[in-house]
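Chain residues, written in single-letter form:
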Amino acid sequence: MDKQIEDIIKDLAHLLQETGLNEIDYEKDGVRLRVANRVAESVPTTVVPVAKPKVEAPQVEETQKSLVCSPIVGIVYMSPNPNAPTFVKVGDKVKAGQTLCMVEAMKTFNPVVAEKDGVIKSILVESGAPVEYQQPLFEME
Amino acid sequence: MDKQIEDIIKDLAHLLQETGLNEIDYEKDGVRLRVANRVAESVPTTVVPVAKPKVEAPQVEETQKSLVCSPIVGIVYMSPNPNAPTFVKVGDKVKAGQTLCMVEAMKTFNPVVAEKDGVIKSILVESGAPVEYQQPLFEME
Amino acid sequence: MFEKVLIANRGEVALRIHRACREMGIKTVAVHSVVDVNAMHVKLADEAVCIGPAGAKESYLNKANIISAALMTGADAIHPGYGFLSENADFADMVEAHGMVWIGPKPEMIRKMGDKVEARKLAKSFGLPVIPGSDEAVKTVLDAIQWGEALGYPVIIKAAAGGGGKGMRVVNQAEEMEMAFTLAQNEARSAFGNDDVYIEKYLAHPRHIEVQVLADNYGHAIHLGERDCSLQRNHQKILEETPSPALNAEQRQSLGKMVVDFVQKVGYSNVGTVEFLYENGQFYFMEMNTRLQVEHPITEAITGLDIVREQIRLSAGQNLDIRQEDIQFNGAAIECRINAENPDTFVPCPGKIGQWHVPGGLAVRVDSGMYAGCDVPSNYDSLVAKLIVSGRTRNGALMRLRRALGEFVIEGISTTIPLHQEIVQSPDFIDGQYDIHWLEGFINNRKG
Amino acid sequence: MFEKVLIANRGEVALRIHRACREMGIKTVAVHSVVDVNAMHVKLADEAVCIGPAGAKESYLNKANIISAALMTGADAIHPGYGFLSENADFADMVEAHGMVWIGPKPEMIRKMGDKVEARKLAKSFGLPVIPGSDEAVKTVLDAIQWGEALGYPVIIKAAAGGGGKGMRVVNQAEEMEMAFTLAQNEARSAFGNDDVYIEKYLAHPRHIEVQVLADNYGHAIHLGERDCSLQRNHQKILEETPSPALNAEQRQSLGKMVVDFVQKVGYSNVGTVEFLYENGQFYFMEMNTRLQVEHPITEAITGLDIVREQIRLSAGQNLDIRQEDIQFNGAAIECRINAENPDTFVPCPGKIGQWHVPGGLAVRVDSGMYAGCDVPSNYDSLVAKLIVSGRTRNGALMRLRRALGEFVIEGISTTIPLHQEIVQSPDFIDGQYDIHWLEGFINNRKG
Numbered sequence: 033m034d035k036q037i038e039d040i041i042k043d044l045a046h047l048l049q050e051t052g053l054n055e056i057d058y059e060k061d062g063v064r065l066r067v068a069n070r071v072a073e074s075v076p077t078t079v080v081p082v083a084k085p086k087v088e089a090p091q092v093e094e095t096q097k098s099l100v101c102s103p104i105v106g107i108v109y110m111s112p113n114p115n116a117p118t119f120v121k122v123g124d125k126v127k128a129g130q131t132l133c134m135v136e137a138m139k140t141f142n143p144v145v146a147e148k149d150g151v152i153k154s155i156l157v158e159s160g161a162p163v164e165y166q167q168p169l170f171e172m173e
Numbered sequence: 033m034d035k036q037i038e039d040i041i042k043d044l045a046h047l048l049q050e051t052g053l054n055e056i057d058y059e060k061d062g063v064r065l066r067v068a069n070r071v072a073e074s075v076p077t078t079v080v081p082v083a084k085p086k087v088e089a090p091q092v093e094e095t096q097k098s099l100v101c102s103p104i105v106g107i108v109y110m111s112p113n114p115n116a117p118t119f120v121k122v123g124d125k126v127k128a129g130q131t132l133c134m135v136e137a138m139k140t141f142n143p144v145v146a147e148k149d150g151v152i153k154s155i156l157v158e159s160g161a162p163v164e165y166q167q168p169l170f171e172m173e
Numbered sequence: 013m014f015e016k017v018l019i020a021n022r023g024e025v026a027l028r029i030h031r032a033c034r035e036m037g038i039k040t041v042a043v044h045s046v047v048d049v050n051a052m053h054v055k056l057a058d059e060a061v062c063i064g065p066a067g068a069k070e071s072y073l074n075k076a077n078i079i080s081a082a083l084m085t086g087a088d089a090i091h092p093g094y095g096f097l098s099e100n101a102d103f104a105d106m107v108e109a110h111g112m113v114w115i116g117p118k119p120e121m122i123r124k125m126g127d128k129v130e131a132r133k134l135a136k137s138f139g140l141p142v143i144p145g146s147d148e149a150v151k152t153v154l155d156a157i158q159w160g161e162a163l164g165y166p167v168i169i170k171a172a173a174g175g176g177g178k179g180m181r182v183v184n185q186a187e188e189m190e191m192a193f194t195l196a197q198n199e200a201r202s203a204f205g206n207d208d209v210y211i212e213k214y215l216a217h218p219r220h221i222e223v224q225v226l227a228d229n230y231g232h233a234i235h236l237g238e239r240d241c242s243l244q245r246n247h248q249k250i251l252e253e254t255p256s257p258a259l260n261a262e263q264r265q266s267l268g269k270m271v272v273d274f275v276q277k278v279g280y281s282n283v284g285t286v287e288f289l290y291e292n293g294q295f296y297f298m299e300m301n302t303r304l305q306v307e308h309p310i311t312e313a314i315t316g317l318d319i320v321r322e323q324i325r326l327s328a329g330q331n332l333d334i335r336q337e338d339i340q341f342n343g344a345a346i347e348c349r350i351n352a353e354n355p356d357t358f359v360p361c362p363g364k365i366g367q368w369h370v371p372g373g374l375a376v377r378v379d380s381g382m383y384a385g386c387d388v389p390s391n392y393d394s395l396v397a398k399l400i401v402s403g404r405t406r407n408g409a410l411m412r413l414r415r416a417l418g419e420f421v422i423e424g425i426s427t428t429i430p431l432h433q434e435i436v437q438s439p440d441f442i443d444g445q446y447d448i449h450w451l452e453g454f455i456n457n458r459k460g
Numbered sequence: 013m014f015e016k017v018l019i020a021n022r023g024e025v026a027l028r029i030h031r032a033c034r035e036m037g038i039k040t041v042a043v044h045s046v047v048d049v050n051a052m053h054v055k056l057a058d059e060a061v062c063i064g065p066a067g068a069k070e071s072y073l074n075k076a077n078i079i080s081a082a083l084m085t086g087a088d089a090i091h092p093g094y095g096f097l098s099e100n101a102d103f104a105d106m107v108e109a110h111g112m113v114w115i116g117p118k119p120e121m122i123r124k125m126g127d128k129v130e131a132r133k134l135a136k137s138f139g140l141p142v143i144p145g146s147d148e149a150v151k152t153v154l155d156a157i158q159w160g161e162a163l164g165y166p167v168i169i170k171a172a173a174g175g176g177g178k179g180m181r182v183v184n185q186a187e188e189m190e191m192a193f194t195l196a197q198n199e200a201r202s203a204f205g206n207d208d209v210y211i212e213k214y215l216a217h218p219r220h221i222e223v224q225v226l227a228d229n230y231g232h233a234i235h236l237g238e239r240d241c242s243l244q245r246n247h248q249k250i251l252e253e254t255p256s257p258a259l260n261a262e263q264r265q266s267l268g269k270m271v272v273d274f275v276q277k278v279g280y281s282n283v284g285t286v287e288f289l290y291e292n293g294q295f296y297f298m299e300m301n302t303r304l305q306v307e308h309p310i311t312e313a314i315t316g317l318d319i320v321r322e323q324i325r326l327s328a329g330q331n332l333d334i335r336q337e338d339i340q341f342n343g344a345a346i347e348c349r350i351n352a353e354n355p356d357t358f359v360p361c362p363g364k365i366g367q368w369h370v371p372g373g374l375a376v377r378v379d380s381g382m383y384a385g386c387d388v389p390s391n392y393d394s395l396v397a398k399l400i401v402s403g404r405t406r407n408g409a410l411m412r413l414r415r416a417l418g419e420f421v422i423e424g425i426s427t428t429i430p431l432h433q434e435i436v437q438s439p440d441f442i443d444g445q446y447d448i449h450w451l452e453g454f455i456n457n458r459k460g
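Residue numbers (our numbering), protein chains in the order written: chain A, 33 to 173; chain B, 33 to 173; chain C, 13 to 460; chain D, 13 to 460.
Incorrect hints may have been included.
The calculated lysine to any residue pairs, modelled on SDA-like cross-linking and capped at a C-alpha distance of 20 Å, are [to be verified]:
hint: 1; chain 1: B; residue 1: 35; chain 2: B; residue 2: 63
hint: 2; chain 1: A; residue 1: 60; chain 2: B; residue 2: 60
hint: 3; chain 1: C; residue 1: 277; chain 2: C; residue 2: 228
hint: 4; chain 1: A; residue 1: 60; chain 2: B; residue 2: 57
hint: 5; chain 1: C; residue 1: 136; chain 2: C; residue 2: 299
hint: 6; chain 1: D; residue 1: 118; chain 2: D; residue 2: 260
hint: 7; chain 1: C; residue 1: 124; chain 2: C; residue 2: 358
hint: 8; chain 1: A; residue 1: 60; chain 2: A; residue 2: 48
hint: 9; chain 1: B; residue 1: 35; chain 2: A; residue 2: 129
hint: 10; chain 1: A; residue 1: 42; chain 2: B; residue 2: 42
hint: 11; chain 1: C; residue 1: 124; chain 2: C; residue 2: 143
hint: 12; chain 1: D; residue 1: 118; chain 2: D; residue 2: 134
hint: 13; chain 1: B; residue 1: 42; chain 2: A; residue 2: 59
hint: 14; chain 1: D; residue 1: 213; chain 2: D; residue 2: 137
hint: 15; chain 1: A; residue 1: 42; chain 2: B; residue 2: 40
hint: 16; chain 1: A; residue 1: 139; chain 2: C; residue 2: 39
hint: 17; chain 1: B; residue 1: 42; chain 2: A; residue 2: 41
hint: 18; chain 1: A; residue 1: 60; chain 2: B; residue 2: 138
Simulated from the structure, these hints should not be mistaken for lab results.
Just so it is clear, the structure is predicted and the values come from calculations on it, not from any experiment.
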């Protein structure tokens with residue numbers, strides 16, 4: 033960019049500041065510029081005092097990816113028993129209906145199954161961890 | 033940037049301020065400028081229960097019009113005594129310093145005078161009415 | 013004392029319990045449905061666990077998920093609040109079976125009082141007055157007339173298999189009995205295939221008066237006076253006050269004594285409320301609520317006690333260290349239940365609250381989990397705030413209530429504040445002249 | 013009783029007075045400066061009159077405009093609140109000269125108590141203890157040593173013409189007197205051109221303890237106990253509590269009796285507060301405030317009285333219908349003054365309030381004229397809210413205060429809430445071990 037135009041922009045920015053304006057359009061000798069400084073429209077959001085770390089659902093950007101969430105509150109187990117291998121691991125192809133893990137609640141073990149065929153992209157909780165309702169457990173593709 | 037253009041922008045900013053406008057477009061001799069100062073969009077204002085009729089300052093559309101407001105709290109009198117003619121009436125040309133009415137407060141009569149030459153466009157209160165601080169009394173042109 | 017209490021409820025009562033715990037140095041676990049994730053008690057609690065979808069059946073009534081949440085977080089007690097699982101004896105059993113403390117009375121006591129026929133028998137056997145009646149089927153007109161004499165007119169004939177008003181007849185004097193009895197039998201037969209009817213004393217204009225009790229596990233019990241909850245619509249309390257404008261100090265004392273006596277004989281411990289109908293100087297036992305009640309703050313206002321704190325202490329097995337003679341009833345208090353409803357049609361009005369500004373100043377208390385910008389979900393009851401005021405006299409409390417209602421700002425949803433503003437201007441209410449039918453009449457008249 | 017009261021003040025106290033009037037059925041007139049047009053008390057009052065520009069001198073201190081507003085609106089009494097014109101005897105005279113009632117004591121009483129030397133004399137002559145001292149100039153070292161003996165060490169030497177610490181010397185024992193006296197005289201001479209010095213008892217660690225009184229025009233007076241206002245910064249009270257953790261019931265009673273006795277002898281009527289310094293079991297009269305005080309709500313919390321209501325009644329010439337033996341002191345109460353200030357630097361922080369959410373629940377009171385979206389103007393003092401909590405015990409009140417401070421949400425400006433949160437965690441404060449210097453030390457230490 034022309035050093036000259038850069039200077040004009042800087043001048044306009046400075047003027048914006050000085051005059052308290054929000055916006056300046058400028059046109060001269062075939063040069064058109066617009067500088068603006070819109071203040072964020074502070075929509076007041078209530079923040080209530082104590083903030084606790086909450087389990088955040090990972091953002092799923094692509095539509096192919098999906099989350100498998102806990103249907104109940106309990107303790108998640110990744111293998112049928114401590115000595116057995118895990119039900120699934122990252123990279124596994126799984127079929128609809130296949131057991132991915134168990135969630136123990138009140139002494140009963142509830143299998144969490146895949147809703148559709150896919151590949152395990154990531155495992156979001158550790159075996160033995162407590163999980164709440166709809167807490168994401170696996171990311172699938 | 034031209035010092036001249038800078039000055040024009042400053043002048044426009046100043047005008048914006050003075051007139052209460054949001055935006056001014058300017059074009060002259062191949063120079064086009066637009067300055068804007070948009071007020072934060074309706075930050076929600078709390079409405080608290082009881083609403084009372086408040087004296088609203090009439091909107092003055094044209095810059096030539098101006099308001100004469102009460103400098104104190106008291107009772108306004110439009111004539112020096114009940115039998116005398118009013119100090120001024122609508123349409124009168126008045127000169128700066130001329131008495132327009134009196135406001136009585138604590139048994140003393142305080143003249144309200146014109147700040148500059150002009151014409152009485154309208155009288156906004158009746159003789160004998162109580163007025164609060166800065167309540168508009170006359171519209172002048 | 014407990015280290016950590018799980019609060020198995022939502023809304024203002026969840027916040028109420030959280031506050032009591034916080035003030036006792038007890039950690040709190042909030043549980044919540046998906047739509048309540050931004051609720052005030054969830055934000056304020058030390059820990060929070062999502063226990064299910066919006067529907068209460070899958071969340072606030074989901075016993076397994078609540079027990080799991082309690083075990084997961086290491087809570088040593090569960091407070092059920094009111095509503096939801098608060099009178100569910102099976103849940104109370106589950107809580108105890110998992111080694112935690114149920115903040116409430118023993119499960120068997122919940123069961124006994126939950127069975128209305130059983131509760132009536134218990135009350136009667138331990139000397140509480142119940143609505144007098146034949147209890148069993150009355151077979152002949154002659155018997156019916158004898159019952160009429162014995163009970164005193166007016167009486168009401170009810171189908172034993174009854175419900176919905178079928179087979180019900182009010183009889184004002186002996187002369188009407190023959191025809192009424194025959195009609196009632198016929199109606200009962202055609203409606204239910206069973207012409208058994210029974211007769212009980214008819215209360216035309218009763219008040220709803222209830223007595224708050226506290227009792228420990230060691231046989232010590234006290235009462236905290238009565239609450240007059242006669243202002244009801246569709247059997248829902250709308251406004252409560254204490255003391256009742258209908259009772260004098262002597263009646264209050266003898267009623268209280270009677271209730272404490274009952275509670276001790278029946279072996280009840282924890283907080284509880286015994287509800288009566290009251291007409292012509294007589295009390296008639298209705299039921300006992302084995303839990304905290306919505307309207308407990310008016311009792312707190314005039315006694316200076318923290319009922320939830322006492323409940324937690326009692327549940328932890330501590331003894332009641334307040335004697336009856338320590339309880340003073342100072343002045344009067346009124347609670348308005350402010351619901352998210354159209355104040356004319358009473359259609360619920362869930363939605364997003366805009367501005368939220370509560371009244372302040374002397375002797376004004378607001379219990380609410382709402383705040384500016386929060387949602388009132390459509391899945392639960394419509395109570396959004398309780399406004400409680402007190403005064404040195406009933407009139408003082410009334411004047412204060414008027415000014416406080418006028419300061420309350422809730423935008424974005426309709427609320428019943430305008431109804432309360434009309435009630436507090438009504439001469440009947442001002443005079444304390446109302447019964448359990450009064451409010452519905454008042455609402456109908458103002459529409460007309 | 014009055015029909016209409018003009019409230020010659022702004023902020024929370026204007027709202028406080030409005031509420032008391034509203035609850036008594038009295039109409040209110042708000043007056044306000046240009047920048048306060050959207051203030052809560054202006055919105056709630058029956059009428060409002062703009063009395064001047066933002067600067068207090070031209071508005072809230074503008075006697076003529078306030079009187080005119082009162083005459084215009086037909087007010088029959090003026091309540092001055094605290095601050096502004098509340099201790100201006102000339103204004104009180106004007107109010108009466110215009111046929112209206114001044115809600116406060118007689119103007120001559122304001123004048124007497126406003127003159128600190130006169131007030132000390134009055135107090136002394138009517139038997140209140142004052143800080144003992146020479147009263148007159150001490151001329152020689154020998155005299156100084158005699159005064160030291162008489163008063164008991166430590167003593168303080170002060171320049172008669174004094175101020176700003178010049179010519180002031182604390183003397184801890186007789187041996188130090190000669191040098192200290194000479195230095196003080198020299199300093200006084202060079203600073204003020206006058207070497208007169210006097211000697212008084214030095215209080216190293218006094219508490220600020222004040223007694224609230226109510227007195228009618230007919231010689232009847234009662235006290236409402238004491239308030240401990242020792243937590244101060246730059247002589248501004250920050251947090252007050254009642255009862256004082258330093259007094260026992262016997263001291264309370266004898267102090268109260270002494271003050272009532274004084275008030276009756278001096279012929280004071282209306283509400284008022286007598287302030288003392290307290291050290292080693294001794295009280296020393298400081299001054300009498302002839303008006304309502306900011307911290308009156310803590311007294312209301314433990315006595316159940318509405319002090320503003322009583323003040324209005326007394327000003328209307330009604331007699332005090334409460335006897336001393338009717339006053340009960342129930343539990344403990346604490347007030348936090350929440351200022352719009354940086355909590356570390358104490359630089360005022362006016363501005364636009366964003367979210368505003370006050371704590372609720374049992375025994376929590378918030379007095380504030382603020383609301384979400386309102387402005388805190390830079391023209392007036394920085395108090396934005398008073399948070400008052402009470403409890404059956406001091407510890408209960410402290411626990412409640414902690415939870416209430418944690419629920420308070422004020423966005424858009426800085427406030428002193430974090431300072432209060434630190435204070436209520438401090439072991440000294442928890443133990444009630446503090447004097448008027450404690451808070452400044454605490455603030456300095458926490459910075460270090």
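query = Tell me, which hint numbers fail for this structure?
reply = Result: hints 6, 7, 9, 16, 18 break, sorted rising.
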